[in-house]
Amino acid sequence: MLEDYFRQYGLIAIFIAIAVIVPTSMLTISWLASRIGIRPTNPTPVKQETYECGMEAIGGRWGQFNFRYYMYAVLFVVFDVEVIFLYPWAAKFLGLPLFALIEMFVFVGILLVAWAYAWRKGDLEWA
Amino acid sequence: MSWVLFILLAVVTLVGGVGVVATRNVVHAALSLLVSLLAVAGIYLILFAEFLALVQVLIYGGAIIIVLLFAIMLTRSSEYPRISDNRQWPIGLVAAVGLLAVLAASFWISQHQSAGPESPALGNLANSLFTRWAIPFEVASLVLLVALIGAIIIARTGEDEG
Chain U
2 MLEDYFRQYG
12 LIAIFIAIAV
22 IVPTSMLTIS
32 WLASRIGIRP
42 TNPTPVKQET
52 YECGMEAIGG
62 RWGQFNFRYY
72 MYAVLFVVFD
82 VEVIFLYPWA
92 AKFLGLPLFA
102 LIEMFVFVGI
112 LLVAWAYAWR
122 KGDLEWA
Chain F
221 MSWVLFILLA
231 VVTLVGGVGV
241 VATRNVVHAA
251 LSLLVSLLAV
261 AGIYLILFAE
271 FLALVQVLIY
281 GGAIIIVLLF
291 AIMLTRSSEY
301 PRISDNRQWP
311 IGLVAAVGLL
321 AVLAASFWIS
331 QHQSAGPESP
341 ALGNLANSLF
351 TRWAIPFEVA
361 SLVLLVALIG
371 AIIIARTGED
381 EG
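Heads up: the protein sequence lines correspond to chains U and F, in order.
Residues are numbered in the working numbering as their position in the first sequence, beginning at 1, plus a constant of 1.
Residues are numbered in the working numbering as their position in the second sequence, beginning at 1, plus a constant of 220.
Everything labelled a hint here was simulated from the structure, so no lab data went into it.
None of these values were measured; they are calculated from a predicted model.
In this text, a Cβ means the ideal position worked out from N, Cα and C, and glycines have one as well.
Be careful, since some hints might not be right.
One-sided and incomplete, this derived list gives chain F residues near chain U with beta-carbon spacing under 10 Å [as the list claims (entries may be wrong)]: (1) V231; (2) I263; (3) E270; (4) L278; (5) I286; (6) V287; (7) G318; (8) V322; (9) L323; (10) A325; (11) F327; (12) W328; (13) N347; (14) E358; (15) L362; (16) A375.
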């Protein structure tokens, strides 16, 4: 039981470690290679520009974004909270009475009303 | 083993927390807060509170950081991110010391018993949530519905004026 626990989360820890080590080591190796002269460094103004899908970047880093993105943040937060309730229900589904199934349908149904409202009001369309 | 993990996670939490207050850039502060909150989820995991760790990652690491970043993204003007108001630091210091005193006192007074490596079973949580607390559970969905519709209405009125 305890070994299982540490094995499961040990795997997640290994994933996190790889996710941290790979990008940092790429940058470190590149920097070291430039220090010992393997990697040539001759920067030009064009090379120093921000890379954005091969296009020229428009505006600075700190431009104000379109207000429409707010809707996506709000929808994400609401359905993120819904996932919290779905998680114990899904994990222990077989041990729960039939009532729990109906209950979850009601729960998701009420939240679908919110989603339908957002859709009806045209907030999901990019116009 | 557990101590090593705890110290590692505590250091990450504290580095994230110091990063929030030390940086002059609000976006960097929000991302430091994310590091700190995820490390707290790790601390919950070594305390065998799996569900709490999940909630921490989804709600704090996901929803709250997203809302913070969106608020920064949607409101900032070009000079804003470099300005950070540090004149309130004495009040912040008093609040932090007060919180530390309350927490330290509560740990000191309560005879802390080391809990065994038993995670509070998810089955028990699910059972009580979906049988005994069924009505509050359904009310929670109504609260979310009202919050979402309210947010949509606020957003739309703002749009009409602007």
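Which of the listed hints are broken here?
1, 2, 7, 8, 9, 10, 11 and 12
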